[in-house]
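Using the sequences provided together with the hints, build the complete structure.
As you go down the protein sequences, you meet chains A and B in turn.
Under the numbering used here, think of the first position of the first sequence as 1, with each following residue one higher.
Under the numbering used here, think of the first position of the second sequence as 1, with each following residue one higher.
If you are wondering where the hints come from, they were derived from the structure by calculation, not from laboratory data.
Some hints here could point you the wrong way.
[What the hints assert, rightly or not] Distance condition first, Cα-Cα at most 27 Å in a straight line; then the derived DSSO-like pairs of lysine-lysine:
id, chain 1, residue 1, chain 2, residue 2
1, B, Lys76, A, Lys146
2, A, Lys146, B, Lys90
3, A, Lys146, B, Lys26
4, B, Lys2, B, Lys82
5, B, Lys23, B, Lys90
6, B, Lys26, B, Lys76
7, B, Lys76, B, Lys90
8, B, Lys2, B, Lys90
9, B, Lys26, B, Lys82
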Amino acid sequence: MLTDHLTPETVLFADRVDGWRDAIARVARPLLDSGAIRESYVTAIVDSIADGGTYIDLGFGIALAHRRPEDGVVRTALSSLRVAEPVLLGDDPAHPIDLFLCLAATDPHNHLETMSELAELLSDESLRTELLAATSAADTQAVLLKIGQNA
Amino acid sequence: MKFLAVCSSGLGSSFMVHMNIEKVLKELGVTGVDVDHADLGSVGPDSADVVFVGADLADSVGGLGDVVVLDSIIDKEELRTKVRETAVRKGITVPAGDAS
Numbered sequence: 001m002l003t004d005h006l007t008p009e010t011v012l013f014a015d016r017v018d019g020w021r022d023a024i025a026r027v028a029r030p031l032l033d034s035g036a037i038r039e040s041y042v043t044a045i046v047d048s049i050a051d052g053g054t055y056i057d058l059g060f061g062i063a064l065a066h067r068r069p070e071d072g073v074v075r076t077a078l079s080s081l082r083v084a085e086p087v088l089l090g091d092d093p094a095h096p097i098d099l100f101l102c103l104a105a106t107d108p109h110n111h112l113e114t115m116s117e118l119a120e121l122l123s124d125e126s127l128r129t130e131l132l133a134a135t136s137a138a139d140t141q142a143v144l145l146k147i148g149q150n151a
Numbered sequence: 001m002k003f004l005a006v007c008s009s010g011l012g013s014s015f016m017v018h019m020n021i022e023k024v025l026k027e028l029g030v031t032g033v034d035v036d037h038a039d040l041g042s043v044g045p046d047s048a049d050v051v052f053v054g055a056d057l058a059d060s061v062g063g064l065g066d067v068v069v070l071d072s073i074i075d076k077e078e079l080r081t082k083v084r085e086t087a088v089r090k091g092i093t094v095p096a097g098d099a100s
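Written out as structure tokens, the structure reads:
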């Protein structure tokens, strides 16, 4: 369940961040602290973005930072960072990001429910709008509880 | 008939597109289409009948045959439109084809 992953410890907000590298470092921090990922996972994400990999830009100002399990995932986890001012992913004006998600998945097929909920959360227009409007972890959790209710 | 969602890692984005394609096909009442996902490095021209990718990979999928490019991989409306168009183009019956 997403509500198990996006908790007050992993749902972050920042008035100001110092570019996309800072945003990635911040959103990954709770997962590093909890031991869900290794430092190598963050490095892999940063390297791929620096290398022009803006594929994590999902659209609508949302980025899903992730790499492969072998890049340093210890266990499945998810975190989020809402930035007050859009951050340019890879310093590219074509990729302004308001919400960074950091996904660590050991094997997504073992986490079908979490991935399915994430897909619905981000693809449902009203849920996505509410998620972007959340200003606290409690707001975010309230949105998560609506997943699946109007499917 | 097989639709394949492809992204760089084969994990996050393509998996979400895979699940959303399945939802859209169900909403459209389309049956008989297998949906799967994969990473860019493991797919070839014979991997699927139609490959769905995000705009970032539009330039990397030249050799993969029939490719549908999604401007946003989480835009359900865009996906619904493009899946419906693709199904019609492939001669698949779309029972709810006129619905928006």
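Assess, step by step, whether the Cα of Lys146 (chain A) is no farther than 27 Å from the Cα of Lys90 (chain B), and give holds or violated. Roughly 36 Å between the alpha carbons, so the hint for Lys146 (chain A) and Lys90 (chain B) is violated.
Holds or violated: Lys76 (chain B) to Lys146 (chain A), with C-alpha atoms at most 27 Å apart:
holds (18 Å)
Task: Hint consistency between Lys26 (chain B) and Lys82 (chain B) [alpha-carbon to alpha-carbon, up to 27 Å] - done: holds (14 Å)
Holds or violated: are the alpha carbons of Lys26 (chain B) and Lys76 (chain B) at most 27 Å from each other? holds (13 Å)
| When you check the alpha-carbon spacing of Lys146 (chain A) and Lys26 (chain B), does it fall within 27 Å? | Holds. Lys146 (chain A) to Lys26 (chain B) sits at ~21 Å (cutoff 27 Å).
Sort out whether Lys82 (chain B) lies within 27 Å of Lys2 (chain B), counting only the CA atoms. Holds, because 15 Å separates the two Cα atoms, which is no more than 27 Å.
Self-check item: Agreement of Lys23 (chain B) and Lys90 (chain B) with the hint, judged by alpha carbon distance not exceeding 27 Å
Solution: OK: Lys23 (chain B) and Lys90 (chain B) at ~19 Å, within 27 Å.
Original post:
Regarding the pair Lys2 (chain B) and Lys90 (chain B), is the alpha-carbon distance no greater than 27 Å?
Top reply: holds (11 Å)
- Message: Tell me if the straight-line CA distance from Lys76 (chain B) to Lys90 (chain B) falls inside 27 Å.
- Response: holds (21 Å)
Comparing the model with each earlier hint shows a violation of hint 2 alone; every other hint is respected.
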